[in-house]
Amino acid sequence: MAEMPPAAGLYLHIPFCRSKCAYCDFYSMTDTSLIPRFVTALCNEINQYEEEFLEFDTIYLGGGTPSLLSLEEIESIMEAIWRAFTILPDAEITIEINPADRGRSELAELNDLGINRISIGVQSFDDRELLFMGRRHTAEQAAQTLEDAHGAGFVNIGLDLIYGLPDQTVRRWQSSLGEALRFDPSHLSCYELEIKPCTPLGRRLKRGDFASQNEDTQRDFFVRTSELLEEAGFVHYEVSNFARGMERASRHNQKYWDHTPYLGLGPSAHSFRGARRWWNHESLDDYLHALENGMLPKCGSETINRDELRMEALFLGLRTRKGIDMQQFKNRHGIDLMEIKGSELREWSRAGLIEIEGSHIRPTRSGMIVADALALF
Amino acid sequence: MENIRNFSIIAHIDHGKSTLADRLIQLTGVSDARTFRDQILDTMDIERERGITIKSQAISLPYRARDGKDYVLNLIDTPGHVDFSYEVSRSLASCEGVLLLIDASQGVQAQTLANLYLAMEHDLEIIPVINKIDLPSADIEWVLGQIESELGLDPAHHLACSAKEGIGIGDILEAIVQRIPPPTGSPGASLAALIFDAQYDLFRGTLIHCRVFDGTVKSGDTIRFMFNDSVYRVEEVGRFLLTREKRAQLSAGEVGYIIAGVKTVSSVSIGDTITMDEKPCPKPLPGFREIKPVVFASIYPISSDDYEDLAEAVEKYKLNDAAFLYEKDSSIALGQGFRCGFLGLLHMDIVQERLEREYGLSIMLSVPSVRFRFTLKDGDVLTVDNPSHYPGPMAIEKAEEPYIRAAMMLPDRYLGSVMNLCIEKRGTNSNLRYLSPGRVELIYEMPLAEVIYDFYDRFKSMTQGYGSFDYDLIDYRQSDLVLLDILVNGEKVDALSQIVHRERARARGVHACDRLKEEIPRQMYKIAIQGAIGDEIVSRSTISAFRKDVTAKCYGGDITRKRKLLEKQKMGKKRMKMIGSVSIPQSAFLAVLKSDTDS
Ligand SMILES: Nc1nc2c(ncn2[C@@H]2O[C@H](COP(=O)(O)OP(=O)(O)OP(=O)(O)O)[C@@H](O)[C@H]2O)c(=O)[nH]1
Ligand code: SF4
Ligand SMILES: [Mg+2]
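Top line first, the protein sequences correspond to chains A and B.
Going by the numbering used here, the first sequence opens with residue 1, and the numbers climb by one from there.
Going by the numbering used here, the second sequence opens with residue 1, and the numbers climb by one from there.
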């Protein structure tokens, strides 16, 4: 069976935030006065790719905080997209929303623009935790935004949560999670808090203000999250992602994990097609400068060789419940995993880290926790 | 020939041989302020880093003596450590005399005696030289007494110097000229040159170090290696100054090098005689005594693909280290490799490091062993230096292991703890004497296997560096020996097996399991480590699986970064040996021999 070239994904990075969260190492800035110039530049970038790219069946407005843009600005971006690219019918179009940025009516208008999936950055239902993370909303505001999203007609509602905060107990995390489930989301992203040295939390950690969770507790968090959500009817389809049935899984994000082409626009966005990956300037200044001078804002690229591509396919595949189809892997990467690593694979299977079914290998829950190490063999 | 003097400087370790060589080199003007550095003859990085001489090094010194005549003094600086005594004995075959150095504060030590005996075997003129007379603790009278009583030499003929301060050096040069006889032999006779060392050069082939006893050799000559009758054309001859110096010819009595385009490493054998193809000498020179390795271990490439490279490297390496013995070997756990014999643990350590450094290899060493002797029920006698050849308890009538006589010198305040250590190591027949107030010499007879096993490290830390330790092999003694196997996840790792005394076996097993637990990094699943004697499990430890190893987020921008990180980790893993599905780092194999006290 020949593989149909899958439709690509389109990512738009909106690099503004009202204030910086304490754990965040993304590129975003708090000076919102540059937004109009940015929107023009972004539309400009969209137009430059007009000829080149394929069809898209997912669009993802992420950031940063896309909900900082006005409706008009979002509308002009969407229009530019529709004009420039072929967007397949039934495309999944997602926007990230920060709680309290949008009321119900505005959310309804987003829905009217064709945006059919909404991802809300709730992070926690505990105000003390929100404060610790430097979030500028309360649990109550998050709850309100969730209600509003339903009210505005969104069916596909996801929310982001963060666990594993210093001093957080698995129990307290479970109650945050339970609270989230009350809003009947169709998707949940549950990320373990990773404290990077360059962030405010990183500096506090170094100062010794608090200690991070040990590996055993981190594992408990992970396992409990997975168990609880699977009991509640979710599919644990990627290390940090859960969906109420695979049809609710983020179609866009899955493209990152199976080497489907994607185009990333906006500062610091990454694109991938074939064996090439390229990326834009991180800084908004450089980004604007390039586009305002008629150039693409690309700042780097790489051609991924066969070995590298294979390695990526392995570690990305093993992050997902879908796992790796060894037949397909052989066709694409020229290596029969069973043939060269059969004994390891069987050993892992015996150890309960993966399941081998026909030509498929899938990480189990315990396998997913060590997915990076699995990919090293 | 009348004006040539060939001599070696010999002594116990650290008594100042290389430092004295420095002074001789400087005083004869071979090195000036610009080219000089301390212990200039210790040319290998590994010698400089460790501050010891590993290889003998020859150098020719021009000298105008007080009699107004010009001489060429061929000096060979030798190593003092017992593990490199083969270097000394080969050097002596090229000499007519020696300077026997004795540290004025330490006096006569084990290698002073051992090296003296070597010199006497070769019938050499021996000039005792007391060194380090500048030290406040120098006791010349006491050393003179030892020269007479312990060395049996005439103390009236001694010299005294401080190599460090440059005191007494001129008299040493004069004594070399006056007391060491010139070489005999005839430049007109058939060529007879003894190969005492060699090294492989990528461009020029094997560089042969030799001493010419008879005849003359020059470029263009056709020479013959007597042991295999292979024939080569000489491209260049010369002698050693600080660097190689090309010369028209080398003739009887001289020490130098020959380059003859020898690319086949196996053509050159240390101890062989070189002669002329046309006019061979009647019989080869005596050559060298046989090497008797005392420590054995197997070497494997970390990656089995590198076996061929390793095979080539050991062959070339052997040229430059005649004391190193090897033969093909294979391990169930580690694949193809070489079983090697070493003159001691330091020698083993140096071989591993030189192979890695000089040939860019990553290698792994099995647990070292001594050579045991088993008399079987059917009367056969079997020597076993590789635990995988252990004959099995049912077949053994009598087991024996090598014993040493250990001589330790230490401040008496450490006496109690060192004696306890020796007893723990199955030491017997102790003997104690005071060398001076506060300093004792302690003698014990001990199984060599116990010394290999963490003795030295513990001794050093116990005496806080103030103790010295030496040993001689004395004999084989009956012993109750069993085979201790190590299993990793149920799989026997033959390279970790040890033959041990029955009473020690359980403790060793516990120790090995504990050390391996520290050395083997956590992996995807639990690793069980077990020590077993036959079917009986005597010890165990468990390495728990790592708990979590995956990053939370992996979207567009994270993928390249993540891949690079994993590629790096993969490289690191390549430096480990896979046994079944467990990666074992190089360090694990030696760690089972290390004590808990050193970190
Ligand atoms: N005080 C003093 N120290 C000396 C003298 N000669 C050598 N030393 C020191 O003794 C140490 C050992 O000197 P080396 O010349 O390396 O000794 P060696 O005999 O060549 O040692 P090996 O080659 O390892 O056997 C060095 O730290 C020297 O500086 C001396 O005359 N007086
Ligand atoms: S809103 Fe998102 S992008 Fe902005 S600072 Fe917070 S975590 Fe970072
Ligand atoms: Mg030396």
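Heads up, a few of these hints could be off.
What the hints assert, rightly or not - Think about it this way: if two alpha-carbon atoms lie no more than 27 Å apart in a straight line, the pair counts; the simulated DSS-like pairs of lysine-lysine are:
1. A:LYS330 x B:LYS570
2. A:LYS20 x A:LYS322
3. B:LYS246 x B:LYS218
4. A:LYS330 x B:LYS573
5. B:LYS562 x B:LYS425
6. B:LYS292 x B:LYS218
7. A:LYS322 x B:LYS562
8. B:LYS564 x A:LYS298
9. B:LYS568 x A:LYS206
10. B:LYS526 x B:LYS460
11. A:LYS322 x B:LYS526
12. A:LYS20 x B:LYS562
13. A:LYS341 x A:LYS322
14. A:LYS196 x B:LYS246
15. B:LYS526 x A:LYS298
16. A:LYS341 x B:LYS564
17. B:LYS562 x A:LYS206
18. A:LYS298 x A:LYS196
19. B:LYS553 x A:LYS196
20. A:LYS341 x B:LYS568
21. B:LYS517 x B:LYS492
22. B:LYS492 x B:LYS570
23. B:LYS568 x A:LYS196
24. B:LYS573 x B:LYS517
25. B:LYS246 x B:LYS328
26. B:LYS562 x B:LYS526
27. B:LYS164 x B:LYS460
What the hints assert, rightly or not - Per the computed footprint, the stretches of chain B lying under chain A, defined by three or more beta-carbons under 8 Å from a beta-carbon of chain A, are:
28. 541 to 549
29. 564 to 574
In case anyone wonders, no lab produced these hints; they're calculated from the structure.
Source: prediction; values computed, not measured.
Backbone N, C-alpha and C fix where the C-beta goes; we use that ideal spot for every residue, glycine too.
Hint-by-hint comparison with the structure:
no. : hint                : verdict
1   : A:LYS330 x B:LYS570 : 21 Å, holds
2   : A:LYS20 x A:LYS322  : 35 Å, violated
3   : B:LYS246 x B:LYS218 : 11 Å, holds
4   : A:LYS330 x B:LYS573 : 24 Å, holds
5   : B:LYS562 x B:LYS425 : 51 Å, violated
6   : B:LYS292 x B:LYS218 : 36 Å, violated
7   : A:LYS322 x B:LYS562 : 20 Å, holds
8   : B:LYS564 x A:LYS298 : 21 Å, holds
9   : B:LYS568 x A:LYS206 : 26 Å, holds
10  : B:LYS526 x B:LYS460 : 36 Å, violated
11  : A:LYS322 x B:LYS526 : 26 Å, holds
12  : A:LYS20 x B:LYS562  : 25 Å, holds
13  : A:LYS341 x A:LYS322 : 19 Å, holds
14  : A:LYS196 x B:LYS246 : 63 Å, violated
15  : B:LYS526 x A:LYS298 : 46 Å, violated
16  : A:LYS341 x B:LYS564 : 22 Å, holds
17  : B:LYS562 x A:LYS206 : 24 Å, holds
18  : A:LYS298 x A:LYS196 : 26 Å, holds
19  : B:LYS553 x A:LYS196 : 13 Å, holds
20  : A:LYS341 x B:LYS568 : 20 Å, holds
21  : B:LYS517 x B:LYS492 : 16 Å, holds
22  : B:LYS492 x B:LYS570 : 25 Å, holds
23  : B:LYS568 x A:LYS196 : 20 Å, holds
24  : B:LYS573 x B:LYS517 : 17 Å, holds
25  : B:LYS246 x B:LYS328 : 38 Å, violated
26  : B:LYS562 x B:LYS526 : 26 Å, holds
27  : B:LYS164 x B:LYS460 : 26 Å, holds
28  : 541 to 549          : holds (count 5)
29  : 564 to 574          : holds (count 5)
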